[in-house]
Amino acid sequence: MHMADALISPQVGGAMWATSLGLAAYSAHRLKPEMTERKIPLMGVLGAFVFAAQMINVTIPATGSSGHLGGGMILTILLGPYAAFLVMFSILAVQALFFADGGLLALGCNVFNLGFWPCFVFYPLFKKIIGKSPTHGRIMTGSIASGVLSLQLGAFCVVLQTLLSGISELPFGAFLLLMQPIHLGIGIIEGIVTAAVVSFVWQARPELLELSADSKLEPAMSLKPILVTFAIVALLVGTLLSWFASTHPDGLEWALFRVTGKEELEASPDGLHAAMAKLQEKTSFMPDYGFPETPATQEPEAEQPATEAEAEAWPAISAGTSVAGVVGGGIVLALAVLIGTLLRLVQRRQNVAVS
Amino acid sequence: MTRLDTAISDVDALDRLATRGSPIHRLDPRAKLVVTALFLLTVVSYPKYNVVEMTPLFLYLAALLALGRIPALMLARYLLLACPFALLAGLFNPLIDRQVVTYLGPLAVTGGWLSFVSILIRFTLTVSAVLLLLASTGYVAVCAALGKLGAPRLLIIQFLMLYRFIFILTDEAARMVRAHSLRNPDEPNPPLRAWGSLAGHLLLRAYDRGQRVHTAMLARGFDGTLRLPQGFHWSMADTLFVAGSSGFLLLARYGHLATRIGQWTMELAA
Amino acid sequence: MSHHIIEVKELEYSYADGTAALRNVSFRIEHGESVGVIGENGAGKSTLLLHLNGCLLATKGTVRVGDIPVLRDTLKQIRRSVGTIFQDPNDQLFMPTVEEDVAFGPLNMHLPPEDVESRVHKALEAVNALHLRNRPPHRLSGGEKRTAAIATALSMSPDILVLDEPSAGLDPQARRRLINLLDGFKHTKIIASHDLDMILALCPRTIIMHQGTIVADGATADVLSDRNLLAKSGLELPLGAQGCPICNAKHPEK
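Chains as they are written, first to last, in my numbering: chain U, 1 to 355; chain L, 1 to 270; chain H, 1 to 254.
These are computed hints drawn from the structure, not numbers from a lab. As the structure is a computational prediction, the values presented were derived from the model and not from experiment. Beta carbons: idealized from backbone N, C-alpha and C, even for Gly. Be careful, since some hints might not be right.
What the hints assert, rightly or not - Chain L regions said to be covered by chain H (calculated; three or more residues, Cβ under 8 Å): (1) 154–164; (2) 213–224.
As the list claims (entries may be wrong) - Straight-line C-alpha distance at most 16 Å; calculated EDC-like pairs for lysine to aspartate or glutamate: (3) Lys76(H) <-> Asp238(L); (4) Lys9(H) <-> Glu40(H); (5) Lys76(H) <-> Glu37(U).
Could you build the full structure based on these sequences and the hints that come with them?
This is the structure:
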């Protein structure tokens with residue numbers, strides 16, 4: 001479910017970070033000091049509760065499968081949407097940092113996918129189903145409905161984000177058919193598990209469930225402008241970054257070549273200069289150029305047996321260049337190990353000298 | 001050891017590394033955060049078929065690893081922990097994209113395999129960079145730096161409070177799970193009903209603790225605003241670190257270092 | 001120096017559900033006194049202590065600290081002069097490091113940075129915990145947590161220290177160090193505890209609570225040797241006053 005850094009493009013990562021940070025800033029803004037005075041300690045411990053509870057797996061009766069708590073919905077029930085969103089953000093950040101779940105760049109995506117839907121969109125649905133006088137049945141229905149819907153939309157966002165990033169080859173339809181049913185199952189399990197906790201709390205300490213009433217969200221009224229704003233922000237950041245990625249690099253590359261080329265030219269002896277000049281000629285055949293850059297244009301058709309034009313485009317990368325690349329890459333990696341070892345040796349020597 | 005115990009000792013071990021002293025540790029957390037962000041952006045900005053041109057980035061990681069005195073074993077363990085996901089996510093590429101794009105001697109390489117290897121390299125680079133940031137800076141300082149760079153205050157406060165109580169609540173949860181499993185040796189996971197009341201009790205305890213903490217905060221004059229840790233000092237070394245790293249990242253991204261070195265070596269050999 | 005006086009008059013307190021927790025509680029504690037509050041679980045000790053710093057406000061009756069009544073408007077002043085050390089130090093240590101935790105109170109008092117720094121230093125020095133300064137709380141032992149928690153209260157320069165079960169969960173040597181530390185403080189002290197031997201060592205005066213009322217208030221030596229009174233209140237003689245289990249001889253009274 002977590003998006004990973006390895007599958008993401010800078011545009012998607014940046015846009016989603018901007019969105020999630022924006023939502024966080026908005027949530028923080030909505031929580032006034034009178035409320036934070038009471039909520040700050042609760043947010044801390046309830047976040048830690050979800051973090052811990054997610055690691056206790058539960059066996060679902062009659063299915064033999066196991067699942068764990070989602071967290072978004074239960075936090076919203078206990079803390080209200082704004083505080084809950086900040087708590088989800090923090091939990092996902094800790095998971096990204098300490099357990100490499102997702103990654104730092106993909107954190108924006110994950111916070112949005114797993115936090116936005118339950119906290120801001122489906123919590124009102126849950127409240128509506130529960131109504132004024134909760135019963136076990138209503139709690140179960142509400143938890144499953146909101147859990148499933150949150151996860152379906154979250155999963156759909158994962159598909160979209162992966163697709164827009166263009167690193168994974170999965171075609172849209174197949175990926176969707178893979179993700180949605182899996183997350184239907186997971187959503188039902190998370191819903192049942194959430195219901196189990198909510199039911200328990202409702203029986204043991206019913207007053208806690210009413211706690212979030214003070215930060216009631218007026219759905220249609222306040223949500224629409226926020227959504228529109230964030231859609232615009234996300235779009236802007238995305239386009240800006242796309243523009244950077246698609247046009248700017250060439251300029252940069254060009255500038256860099258000139259700079260490095262010139263410096264070498266003036267500073268180095270003839271042999272090297274000649275080699276560099278040759279290199280510069282050859283670099284026009286480098287993978288960076290030879291391979292199609294924009295995934296959108298060619299990626300979905302990859303399955304089709306080679307459109308003629310593409311087939312012709314490929315040979316531009318000669319086998320020689322590829323071999324050179326692999327040789328170079330190998331040398332660089334060996335260099336990395338060497339540098340690492342040397343630096344550590346030097347440090348150890350310094351330490352000995354000091355102590 | 002249960003999963004809960006392992007998780008918490010992992011967190012602690014990682015954060016303990018941050019208490020070591022090294023030139024990297026002494027850099028301003030903001031500098032390290034910015035450079036890590038640039039590094040991640042650089043990694044993910046490579047075209048999807050790129051493999052060899054990413055290798056120079058390992059130079060950078062190796063230097064940080066060594067200078068920061070981060071045990072390589074720890075990094076390896078961390079990578080191993082997270083790799084199933086990357087493998088799974090990338091595995092479809094070789095199956096779907098079977099276009100032969102180049103030959104390595106007698107070996108035909110398809111685009112799918114190339115992008116698969118590329119995903120694995122991206123994974124290794126991004127995960128390592130985050131670990132190195134955390135191990136050389138520490139969670140609290142990373143959060144504080146994020147706050148200094150403009151993230152919402154309340155979010156940062158939440159980051160810090162969560163971290164404080166993770167240790168306590170995970171420990172409580174581990175004790176409850178242990179008590180349960182001692183009486184149910186055949187059942188690794190509690191069934192739904194037991195789980196509900198176990199988690200429910202944990203939640204109520206957490207809630208009560210939250211209120212006690214609230215009382216303790218009030219007793220010391222808390223009024224809803226929390227002061228964040230401060231005292232960062234941006235020095236010349238930080239400016240140099242950021243400038244140098246950015247320069248290197250640009251060179252690595254657009255300089256075709258690997259291919260150049262390869263061709264140069266082959267020409268020398270010829 | 002009337003600041004150091006606590007006066008509780010006919011204090012009553014009921015929980016939201018109507019259960020009476022405190023009934024007609026009255027006492028006066030003079031400057032520099034050290035008073036133990038004992039009683040079985042649920043006797044109302046913690047509830048009483050929470051009234052002394054205004055975390056709970058009286059349903060009926062009054063609580064005065066120095067010349068100031070404990071009311072919603074006076075909480076700021078009250079909390080400056082009353083330092084509370086809670087039962088579980090994990091609840092009291094909520095900041096990332098000990099230093100920041102000790103600085104939490106002074107920062108809320110809006111003191112200038114130099115003053116905050118000097119208070120943190122002085123508080124940590126007073127409990128011999130300067131070496132714990134930069135440690136996160138989850139990396140402290142039970143005894144260290146307790147001393148750090150005491151420092152967080154001391155940094156606010158209180159006149160009165162209120163301690164709830166300070167020796168709970170400590171190993172014997174840490175407990176002994178704590179007793180010596182508290183003995184060295186010149187503050188007015190109120191200590192609620194089941195550790196009767198600690199009360200014997202630290203408090204010349206003791207209050208016994210039972211079902212929300214005070215059933216005894218007097219010299220510790222008298223109160224803690226009254227076998228019948230103790231038994232009625234769900235307590236027993238302090239170990240130090242019981243016969244030696246090995247040689248069966250009675251210890252000389254303190």
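Okay, the hints, checked on the actual structure:
1. 154–164: Held - the region 154–164 of chain L has 4 residues with a Cβ nearer than 8 Å to chain H, which meets the minimum of three.
2. 213–224: holds (count 10)
3. Lys76(H) <-> Asp238(L): Roughly 42 Å separates the two Cα atoms, so the pair is violated.
4. Lys9(H) <-> Glu40(H): Roughly 23 Å between the alpha carbons, so the hint for Lys9(H) and Glu40(H) is violated.
5. Lys76(H) <-> Glu37(U): With a Cα-Cα distance of about 15 Å, the restraint between Lys76(H) and Glu37(U) holds, given a limit of 16 Å.
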